[in-house]
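Chains as they are written, first to last, in the numbering used here: chain A, 119 to 349; chain B, 3 to 370.
Quick caveat, the hints were computed from the structure, so don't treat them as lab data.
A portion of the hints provided could be inaccurate.
Claimed, not checked - Computed spacing ranges between beta-carbons, pair by pair:
no.: 1; chain 1: A; residue 1: V201; chain 2: B; residue 2: V344; range: 49 to 57 Å
no.: 2; chain 1: B; residue 1: K57; chain 2: A; residue 2: F197; range: 55 to 63 Å
no.: 3; chain 1: A; residue 1: A321; chain 2: B; residue 2: S122; range: 26 to 34 Å
As the list claims (entries may be wrong) - Sample of chain A residues facing chain B (criterion: CB under 10 Å; computed from the structure):
no.: 4; residue: M170
no.: 5; residue: G214
no.: 6; residue: L215
no.: 7; residue: L267
no.: 8; residue: L271
As the list claims (entries may be wrong) - Far from chain B, by Cβ distances over 10 Å, these chain A residues were calculated:
no.: 9; residue: N212
no.: 10; residue: G217
no.: 11; residue: V226
no.: 12; residue: L242
no.: 13; residue: V279
no.: 14; residue: Q319
no.: 15; residue: I330
As the structure is a computational prediction, the values presented were derived from the model and not from experiment.
For every residue, glycine included, the Cβ atom is placed at its ideal position computed from N, Cα and C.
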Amino acid sequence: MKRKIPLVITFIVGIVVIISEFIPHKPFGRISGELENWYLIIAGFAIILGQMNLFKVNLFKIRYKQKNWQFYIITLISFIIMVSCGLFWGTENNPGLFGNAESITSVVGSKPFDYLFDNIYQHLQATMFSLLAFFIASAAYRAFIARTLESNLLLIAAILVMLGNTSLGSSLTCWLPENLKFLHLPNISSFIMKFPTTAGQRAIMIGAGLGIIGSSLRIILGIERSYLGGE
Amino acid sequence: MKKIIFLFFLFFTCLLFSEDILFEVNDIPNDDGSALQLRWNASNISAEKIVIERKDNGGKPTFVLETDKSTGEFVDGTEISTGIEYSYKLTAYNENNEILATANSVTFSKAQWFNFKKLSLLIMSLIMIISIVYYIYSARSGKELYIRKIAGLESMDESVGRATEMGRPILFIPGTLDLDDMQTIAGLTLLGRLAQKAAEYEADIIVPVCRSMVLSTAKEVVKEAYLKAGRPDAYKPDSVFYLTDDQFGFVAGVDGIIIREKPAANFFLGAFYAESLILAETGFSSGAIQTAGTAMPSQLPFFVVACDYTLIGEELFAASAYLSKEPHQLGSLKGQDMGKAVFVIALVIGIILEISGIHFLKDFLTIH
């Protein structure tokens, strides 16, 4: 019974949503939108669940002094500070429980939550994002090592694309006559990006799209049950 | 007398020019009857301002639109209901705000029972459904089905075994999108199988998530998997936990876990964006055996470079069925492949027709 009810709900909802895609007449036409609203409501409540889990897991690690327990204190303190600032003094134009924190705003220039968001949070986020540049370099180094025919092709294509996007690439082939303009490095680079890359990406997208249809059908028909913990 | 002549003149002028205004209101086809399409052309009388009003069932006129365009289209979707007679009045004004002409149009809105714009989608979906159902029944009747090997999935046992031998945990990330994304669901179905395997091998599994909805689902999936493996006592409720909804906050948290816990095997299965390479490269530097899978074409190259095994696009969605080895699940995969073959044929025919200058197939398949 515990398994059958979710399977029946999945089947009915799945079929109704598929039908509603093709029938604009009421009530079918609006079912999909209504279900999305339900999802948003549930997701809104689930946020509280997530915050509670975060608090509980970190508190547990601190209480039992698990490995690196000091880090979890920082997480909890940051969490409490941000929630308190938002709750008590609000964010941007929204007032909090204690108003708009005019006295603090006159000193720091913005509300406490916004101040912390702009001056700490955003910088930390940018720091994490900037790591990507270094990781791209290290990953590219490994990927471009010429070992097999495929990796050689990848290396050649990468060099052409990279050079084609720089002024050096442009100046290297600028002497080519008009009838050999297609060999101009920026043109080769643009050709690689426009045709083989796009073709490959679209093939993956079409495959993924069909995969989604297949997976959805397996779930709707109750063939795929592993998400319920069963076969 | 002069006034009467003037009014007479004005009336006839209006009558004369009103014939030059084209104003029509029609029901929008293939919709739920909640909107009407308005079209007008008053370019002949050089109108400077167009005002359109609406009356429903003889009620008060309501303002619909004011524009300086003498030719145009507008979709009126405010409080339109089916079965009610709507009477529209267009008034054209000159630069002195004097009425140049008026035009009326009366119509009903209708709700349709089938959206013909999506006929091609229905046909394609039916092909897929019939193909999948046919192969499921073929597989159930005992027919041998060939499914090619997927290296990334074959290595799952190896990864769990390695984690057990090394006494280190397995890290599983079900992507960074919410439960309404199919990739996340595909990741969670794989999590169930992996957790079961981990329970059987007595390996620890860590599942940090960045969406609250995914948290509750992942918890249930892992719990059920431990139960199914006959090891409910080994299930740790805190092995699945929420970090943050923020993209890079989540990356920082997971990177910290990778550095501190040094998992023996990392699984990144779901939807990923810019965080893919940061996660995969950190995992690579920790020496973990890594399996990734996503349908995000822009992130796949990063995973291919930094991970040992990568499930490309549809392989992620096929993974659960592939691992189950059950005939009806494998049958659905085969059906999916047959559906794909039909689409490839349609694609090739479409290309040939387009080159030949025949556009009907492209027009038919385009969903407006």
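Status of the hints after comparison with the structure:
1. A:V201 <-> B:V344: 49 to 57 Å: Holds - the Cβ-Cβ distance for V201 of chain A and V344 of chain B, about 54 Å, lies within 49 to 57 Å.
2. B:K57 <-> A:F197: 55 to 63 Å: 58 Å, holds
3. A:A321 <-> B:S122: 26 to 34 Å: 20 Å, violated
4. M170: 9 Å, holds
5. G214: 21 Å, violated
6. L215: 23 Å, violated
7. L267: 16 Å, violated
8. L271: Interface hint status for L271 of chain A: violated (14 Å vs cutoff 10 Å).
9. N212: At about 19 Å from chain B, N212 of chain A clears the 10 Å cut-off, so the statement holds.
10. G217: Fine: 27 Å to the nearest Cβ keeps G217 of chain A off the interface.
11. V226: 23 Å, holds
12. L242: Incorrect as stated: the minimum Cβ-Cβ distance to chain B is 7 Å, not above 10 Å.
13. V279: 12 Å, holds
14. Q319: 4 Å, violated
15. I330: 5 Å, violated
Violated hints for the displayed structure, listed by number in ascending order: 3, 5, 6, 7, 8, 12, 14 and 15.
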